[in-house]
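Whenever a hint applies, use it, and build me the whole structure from the sequences.
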Amino acid sequence: MKLRRVKAIAAKEVLQIWRDPRSLMIALLLPFTQMFLFGYGVNLDLKHIPTCTFDREGSQQSQDLFKRFQASNYFAITRNVDSYGALVAAIDRADCKIAVVVPPDFSERLNDVGTTSVQAILDATDDNTANIAIGYATAVVQGYSSDVQLAWLDRQGETLQQVQPLVVQSRVWFNEDLESRNFIIPGLVAVIMALVGAQLTSLTIAREWERGTMELLISTPVRKSEVMVGKLAPYLVLGWIDAAFCLAMAGLWFGVPFRGTLLTLFVTTTLFLAVVLSIGYLLSVLIPNQAGASQVALLVTMIPTVLLSGYVFPIDQMPWFIQQITYLIYSRYYVTIIKAVFLKGSGIPELALPILFLTIYATAVVVLALRAFRKRLD
Amino acid sequence: MNADQAAEAQVVAENLVKRFGSFVAVDNVSFRIARGEIMGFLGPNGAGKSTIIRVLCGLLRPSAGRAIVAGIDVTRDPEGVRERIGYMSQKFSLYRDLTVEENLKFFGGIYRVPRAELRERMRFAIDMAGLAGREHAIVATLAGGWQQRLALGCAVLHRPPILFLDEPTSGVEPASRRRFWELIHTLAADGVSILVSTHYMDEAEYCDRAALINQGRLIALDSPAALRRTALGGELLLVECDALGPALDALTQAPGVIDCSVFGSALHVLVADAEQGRRELPAFLASRGLSASRVERIAPSLEDVFVQLIAADTTKRREAA
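Chains A and B are the protein sequences, given in the same order.
So that you can map any letter, position 185 of the first sequence is 185 in this note's numbering, and since no number is skipped, the others follow by simple counting.
So that you can map any letter, position 306 of the second sequence is 306 in this note's numbering, and since no number is skipped, the others follow by simple counting.
Please keep in mind that the hints were generated in silico from the structure rather than gathered at the bench.
All residues carry an ideal CB built from backbone N, CA and C; glycine is no exception.
Do not take every clue at face value.
Simulated DEER-style distance windows between Cβ atoms [stated by the list, open to error]: (1) A/F266 / B/A140: 37 to 47 Å; (2) A/F32 / B/V17: 55 to 65 Å; (3) B/S301 / A/K2: 42 to 52 Å; (4) B/V17 / A/L368: 26 to 36 Å; (5) B/D202 / A/K2: 37 to 47 Å; (6) B/S170 / A/K7: 44 to 54 Å.
Counterexamples of contact, computed for chain B against chain A with all Cβ distances above 12 Å [to be verified]: (7) G36; (8) G86; (9) A132.
Encoded structure:
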């Protein structure tokens, strides 16, 4: 490999990128818009679920219960109805996700019998939201219920300690506020880098074939490795710029806590870029037209990274078979790494295994791309 | 070709065959190109001219036979060959979105032209192509003739001893074509061996030797003068007479006549011996009640030769098949 020829290829590529607004747009605008769209769009926290109340009793105690719903962050009472018909209509129009109904004998039964029930009606078209909402609603009702119980015990002269022998005190580590954003945004950086990286390089060889410049290039003594390194180098720099930009946005704009070191981030991100840039390059070698290569690049980076990298869907909740497939998804390793670097402050020694996998992956793709590129027309 | 010339041969093709599936694109072609020689490849589109050139550049692997360029077997060491050749492909293949200077710098880097020399070589290429003052023009904005000369400039930047030029003058206006051939001659005078293909038959005149290729086979290879003299397998007579049709029929059967065809308002008659024909044909026609106003020996143009040879070759193959 001769440095002179690598430099000539790289310099030419830089000029072509600079003069082709399309690649510059992909490189600089796409990460920015994606970061914003996904950063704000993907949020698994349910807050302020629109709630409808139907108070069939109208007592002090029923209002107390609703106040607790209102006081919780999870619910926002947007509507008070006075008939089942109005309640059904509110759910049908999707004005509310959940309706809470207090029976007409609520306080009476609570005081006399000691037990009663409230009804929750949920819009379960989105079963995930419904499940979470019912969980929160149960918690609110239980909180109210135990307060009522304590008040009753208090009246009987009993003390708190005697009724609650064991209390779980949970401490949440790494993502103390359980903000889903904190774990989604670092993974999002991986998704965007995979998408943009492979897109950029998927055009580079296909462009030469399409414009008819490849025949002359392969008639020169330039080596395959020189073409590859020369062509990928400028995109690695672009990738660094994009990565720096996305990571800065994650930390500074979206406020994801950053506890690792920049060195770890730099080493692992470069490794990941090497994988995605080489995948794009390999596709460009295999598919000699720009449109085709970029479509396939989108397909093989975006879909597996979004679905199987653990960026938003946890891998350990997938069926066993699918979990095995995720080991083949390069983004899985980077998503693991980047979440750990951001939230746990892990360093290179702790991340040795995913780093090793990424290295193996990068080597394999580079070897494949070198073998696939032929300096011949037949 | 004697032993000295053979030793000096820069390009040697021996029984080259290139098949694409069942289609034979190059069929047992052999030739040599000496140092400083301009070899022209002529023939109809699809005859296999580009395929032979691509085999010699190592872009296509020969199905059989050997190709030796600058003393190196192309199949064994294609990169070694590529260091020593300059190539202009049929389709313009410089970077159109780069400037004149950027293209030259790129190829200077790819061929590792010593940095101390590069500036002077670029100057040479720019002057040769007549592009002085347009160094910073984007190539896409240049006219066809300029683009082609720049492509030649890029191909000779590293002083290759051998040049392969695949239809460098196609689509270029006549004045630019002439200028291009002057450049080729200048390079050959410096000892560069040049293989140039063209579909303009008249350009064969500019070559030291011309090879005529039809359906993948080399059907004639000689200097333009020798081709004119001997390739037809006889000498050409122009016969002017009143009744063209009957005269054509009669002459086809005349002794010593190889072929006869209508050419404008006269006949072109191919005979074994022109002098004998001039003496005997008028009498032969008279014996059939026909008269010739003029019988004269003419020199065939290369176009005559090529048209005749290609037609004969195509007929022969159809009969063989």
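Index of numbered hints that the structure contradicts, given in increasing order: Hints 6, 8 are the ones this structure does not satisfy, whereas the remaining hints hold.
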